[in-house]
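Colleague: Sequence:
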Amino acid sequence: MPKTFPFPQGLLDAQVALHETRAAYEKYAKTLPWSAEPMPGWEGDKQLHSNYISSKPDSPGYTEEQATEVRRFQDELRRLSAEVMTHPYWSTLSGDVVAARMALKHAHEPAEA
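Each residue of the sequence shown is one higher than the one before, starting from 76 at the first, in this note's numbering.
Treat the hints with caution; some may be incorrect.
Each computed BS3-like pair below joins lysine-lysine, with the alpha-carbon atoms no more than 30 Å apart [as the list claims (entries may be wrong)]:
1. Lys131 - Lys78
2. Lys105 - Lys131
3. Lys180 - Lys78
4. Lys105 - Lys121
5. Lys105 - Lys180
6. Lys78 - Lys121
7. Lys121 - Lys131
Derived by calculation from the structure, the hints in this document are not laboratory data.
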């Protein structure tokens with residue numbers, strides 16, 4: 076059974092916000108063009124022992140609104156990451172800090188029965 080840690084609520088909240096923001100950013104990123112800057116499309120060579128040919132369509136690049144939203148997500152992810160990583164709780168641990176950090180990443184998950 077994994078060891079449990081008495082994480083403070085503020086740290087738990089920051090970790091959940093980090094997970095949620097990362098998930099929202101990944102979902103948003105899937106709607107964006109493949110390149111932030113306008114780029115011509117391309118088609119690769121046929122792969123050996125396969126009929127697969129990799130390709131990308133032309134990319135119009137990000138609009139100003141898209142670029143602003145990407146920066147907003149990245150800024151928020153940096154802020155939340157710093158909040159989690161520099162939380163005063165970590166200095167109170169005398170044992171395995173790595174195990175505690177790993178446990179925090181899964182603390183929001185429901186306990187197994």
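Colleague: The structure should be examined with respect to each hint, and the outcome stated for every one.
Modeller: Results of checking the hints against the structure:
no. : hint            : verdict
1   : Lys131 - Lys78  : violated (47 Å)
2   : Lys105 - Lys131 : holds (15 Å)
3   : Lys180 - Lys78  : holds (13 Å)
4   : Lys105 - Lys121 : holds (26 Å)
5   : Lys105 - Lys180 : holds (24 Å)
6   : Lys78 - Lys121  : violated (51 Å)
7   : Lys121 - Lys131 : holds (14 Å)
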